[in-house]
Every structure is written in C-alpha cells, then in structure tokens.
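Asks: Given next are the chains, with one letter for each unit.
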Amino acid sequence: QLQVVESGGGVVQPGRSLRLSCAASGFTLSSYAMHWVRQAPGKGLEWVAAISYDGSNKYYADSVKGRFTISRDESKNTLYLQMSSLRAEDTALYYCAREVIPVAAVGGIDNWGLGTLVTVSS
Amino acid sequence: QSALTQPASVSGSPGQSITISCTGTISDIGGYNYVSWYQQHPGKAPKLMIYDVNNRPSGVSYRFSGSKSGNTASLTISGLQAEDEGYYYCSSYTTRTTHSYVFGTGTKVTVV
Numbered sequence: 001q002l003q004v005v006e007s008g009g010g011v012v013q014p015g016r017s018l019r020l021s022c023a024a025s026g027f028t029l030s031s032y033a034m035h036w037v038r039q040a041p042g043k044g045l046e047w048v049a050a051i052s053y054d055g056s057n058k059y060y061a062d063s064v065k066g067r068f069t070i071s072r073d074e075s076k077n078t079l080y081l082q083m084s085s086l087r088a089e090d091t092a093l094y095y096c097a098r099e100v101i102p103v104a105a106v107g108g109i110d111n112w113g114l115g116t117l118v119t120v121s122s
Numbered sequence: 001q002s003a004l005t006q007p008a009s010v011s012g013s014p015g016q017s018i019t020i021s022c023t024g025t026i027s028d029i030g031g032y033n034y035v036s037w038y039q040q041h042p043g044k045a046p047k048l049m050i051y052d053v054n055n056r057p058s059g060v061s062y063r064f065s066g067s068k069s070g071n072t073a074s075l076t077i078s079g080l081q082a083e084d085e086g087y088y089y090c091s092s093y094t095t096r097t098t099h100s101y102v103f104g105t106g107t108k109v110t111v112v
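So the sequence lines, in the order shown, correspond to chains V and G.
Position 72 of the first sequence, counted from 1, bears residue number 72 in this note's numbering, the numbering being contiguous throughout.
Position 22 of the second sequence, counted from 1, bears residue number 22 in this note's numbering, the numbering being contiguous throughout.
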C-alpha cells in the first residue's frame, strides 16, 4: 500500500536543530521527486523543499534556504529534512509528499502523509 | 515567494457549479502548465485534485475540472455536494526565484 509516514517533530528551542523523517512504502524514492510542505496553525500551505527523483537536485523556499537541508536514504527508502537555526515562524505541521508523476520534477504533489508537528518555542 | 491570490470564500447550493480563481504572474501560472489544486478538510492532509492544469488523478471525481487563461487558473466544481465543503489551494511551479512551488492563499468553499 502506497503511503508516507512522517516522524521526528516535537518542541524545540529557537536556534536549535531538528531532523524530520519520512518513511515511504509502496514505491521507491528513486522514482519520484519528493517534497516537504508545511502548514502553520490556522494558516495556509507553504512549500518548503524538494528533491529530484535521482537526488541530484535540491530546491528550497527562500524562507528556509541556508537553514534546512533535504536528503534521502535509498537503502531505507526514507526522506529527511534537517532543520537548523529554527525560528518561531518555523512552527508548523510538516508534510511529506510525492510528486504525482514518476521522474517528473513538477506537476502536482500527491500522496501526502499525516504530517509531524514542529513547535519552536522557548 | 509571494503566494498566489485566491478569493477567501466561495459558496454555492447543492447541485450548482462554482469556480475558484487563482491569480499569479508570468513567472508562474502564466508561464508554465504546472498548476495544481488541493482539497483540504479540517484536521486532514491535503488531497491532490488537479495537476498539470487540467488532469485528474485516479479516483478524483469528474465533477472537478481545471483550466487556465493567461496568469489566472480556475477550478470548477460542478454538481456541488456537501462533501465538497472545505478549503481549496492552488499551486504552481514558479521561477520567481529558483525552481520551486508556490501555493495560493486558500479558498473556503461552503455548501449552503
């Protein structure tokens, strides 16, 4: 069954780091571009980062560039988001999701997980 | 990245058709056929309804359709049903900065 499951969220102090994980099943990460999208409490969706199907290209929103790093482990079929220098405005539910078409870089984001909540607070 | 512009709310009666607009620029909607639409019910994850402007993923009702004209994309829901109530977000590939996605501001659809 095709699904992604996020984990790793929690409460963290400003300036600290946190790593989110996204375990994929029913498909292989090496066939699809993958995304992280976040949603602050009561707010809309914000795209955060993406990695191409072959892992060669990584893209980031301006709001996280230089602080967040997207990566993956093909042997574990798991996607990661390393977040550093966290700020209060990074507080959100972080979703992992898959590009709708294999190999394609853009088009639509499908198969969303349930998300993992990150709260940045002192 | 500046968000795409959507109306805050749209409402309709059961059986009617409604259209949600999504306005961007030549750097996103106007320049590329990579517009997608998402439905989100309260407390739930978003669901992809339309990709590449007018394609429906498997399992999405034919009542949902997408289109684009210039810098504006539209989502039309025909035969409105109570279960269609929720939030809808558009999204587009953008080159305002480097390769990335940008989401719309979101539209609350109410079935009255």
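For the record, the hints were derived by calculation from the structure and aren't laboratory data.
By construction, the Cβ of each residue, glycine as well, lies at the ideal position given by its N, Cα and C atoms.
Treat the hints with caution; some may be incorrect.
Stated by the list, open to error - Below, simulated BS3-like cross-link-like pairs (lysine-lysine); rule was C-alpha separation at most 30 Å, straight line:
| # | chain 1 | residue 1 | chain 2 | residue 2 |
| --- | --- | --- | --- | --- |
| 1 | G | K108 | V | K76 |
| 2 | G | K44 | V | K65 |
| 3 | V | K43 | V | K58 |
| 4 | V | K76 | G | K68 |
Said to hold, decoys possible - To give an idea of the chain V side of the interface with chain G (calculated C-beta under 8 Å), a few residues:
| # | residue |
| --- | --- |
| 5 | F27 |
| 6 | G42 |
| 7 | L45 |
| 8 | G55 |
| 9 | Y59 |
| 10 | D62 |
| 11 | D73 |
| 12 | G108 |
| 13 | L117 |
Asks: For every hint, state whether the structure bears it out.
Replies: So, going through the hints one by one against the coordinates:
no. : hint           : result
1   : K108/G / K76/V : violated (39 Å)
2   : K44/G / K65/V  : holds (28 Å)
3   : K43/V / K58/V  : holds (25 Å)
4   : K76/V / K68/G  : violated (40 Å)
5   : F27            : violated (14 Å)
6   : G42            : violated (11 Å)
7   : L45            : holds (4 Å)
8   : G55            : violated (15 Å)
9   : Y59            : holds (5 Å)
10  : D62            : holds (6 Å)
11  : D73            : violated (23 Å)
12  : G108           : holds (3 Å)
13  : L117           : violated (12 Å)
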